[in-house]
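Chains as they are written, first to last, in this note's numbering: chain A, 1 to 251; chain B, 1001 to 1161.
If you are wondering where the hints come from, they were derived from the structure by calculation, not from laboratory data. These numbers were taken from a predicted model, which means no experiment stands behind them. Ideal Cβ positions, reconstructed from N, Cα and C, are used throughout, including at glycine. Treat each hint with caution, since some may be false.
Unchecked claim - Reference listing, derived: stretches of chain B covered by chain A, where coverage requires no fewer than 3 residues with Cβ under 8 Å from a Cβ of chain A:
hint, region
1, 1051-1064
2, 1081-1087
3, 1123-1136
4, 1153-1161
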Amino acid sequence: MNVTAIKELLYKMADDLLIIGHRNSEWTGLGPILEEDIAFSSMAQDKIGQAGALFEILHELGEGDPDTVAFMRDANKMHCSQFVELPNGEYDFSIMRHFLFDHADQLRFEMLANSSFEPLAQVAKKIKGELKYHVFHANTWLVKLGNGSEESKARMQTALNESWNYALGMFEAGDFEKELQSENIFEGEEALKTRWMANITPFIEKANLKIPDTKSWEPILGGRKGYHTEYLQQLVEEMGEVFRLDPTAQW
Amino acid sequence: MITEKEIWTALEVVKDPEIPTLSMVDMGIITKVEVRGESNVYVEMTPTFTGCPALKMMENMVADRLKEIGIETIEVKTTFDTPWNSNKLTERGLLCLKKHGLAPPPKHEGEITMELLEHCICPHCGSINTEMKTPFGPTLCRSMHYCHDCLQAFEQFKPVV
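The task is simple: from the sequences and hints, build the whole structure.
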């Protein structure tokens, strides 16, 4: 097994979940209706728990203690895509990102449920079932808001346009795509992107929204390699603020 | 020497911290019991949801129960070797949920569909004239529903694959 390749894969997945989980938690107490407040809070809890399970596998592969790894790194040591670190903005953007990210993540875990790297396959089997609910939630709101008032339609289309190149950046190739494929660990980002397009397109059509013209597609890359927007460092500092006060404290 | 069967029986009194009518054994989250020697027991658990915050507490509750019956060397470990899904709830577990006012999860065939979620049987009146309000409830494992016949809100223990 190519441990370096596995670690790279695990880090980017864990960081995506940790950061989107944190962003989801920012809706706690602020959701537009109580049910939505609970939904984003529940998804935050799921995602941070799922990140924890992946950090645990990394720990077993010789990386640091999960809490320390999660809370003590600076932004340039993180491998999340830039998409997940963007501020929540308004509800339209949050729902759109939720839709585009969760479809990709659920497919990623479905693919990994067949991974030859057994510890990851086991966790993936569990997580893909949990993410079902996240995807249901996203689909419901995408279709509802896309077919709602003139304002909600316009807002969802703008959110889709603004999200699109960031969303494509989720599929930034890693350094070990070939190794992961040849060892049947993961089919790779390109295969994932193809499945993702096939999955999201019918829902976008049902929501009467339009995927931006292919001519304007320019994936925003760099996140997987540690290049981030200004928002990530702020987020990381806030997220780890209490932990950093006393990293040895017992909770 | 204590048998594995006796350990399983002893663990039946350890209840879910959120649902006091339901034991962890009936919930299906205790996946392995091994007697490793004289007064030496190993237990494996698996979470209902990866992010379940009660996990550490439940591990401790299992260990405390084993101490109570006189086991000296105890190891409780959480693994994903046999991941939980809602079909793992025992028949008695399903009844316990109902007694607590929660709709039990319907058996699934490895796939969760919107239809399966919508047609939830009301735990109060048995009607299927119900509607899912949101798949996210007060804990990760519950969704929220409304019954159009008895006009009451209720929660379901979610089906999970």
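*asked:* Just to make sure I understand the rule, a stretch counts as covered if three or more of its residues have a C-beta closer than 8 Å to a C-beta of the chain. Does the region 1123-1136 of chain B meet that for chain A?
replied: holds (count 4)
*Verify the coverage statement for the region 1051-1064 of chain B against chain A, using a C-beta to C-beta distance below 8 Å and requiring 3 or more qualifying residues.*
holds (count 3)
*Count the residues of the region 1153-1161 of chain B with a beta-carbon closer than 8 Å to any beta-carbon of chain A: does the count reach three?*
Answer holds; 3 residues pass the 8 Å Cβ test.
*With a Cβ-Cβ cutoff of 8 Å, does the region 1081-1087 of chain B contain at least three residues near chain A?*
holds (count 4)
Violated hints for the displayed structure: none, as all numbered hints are satisfied.
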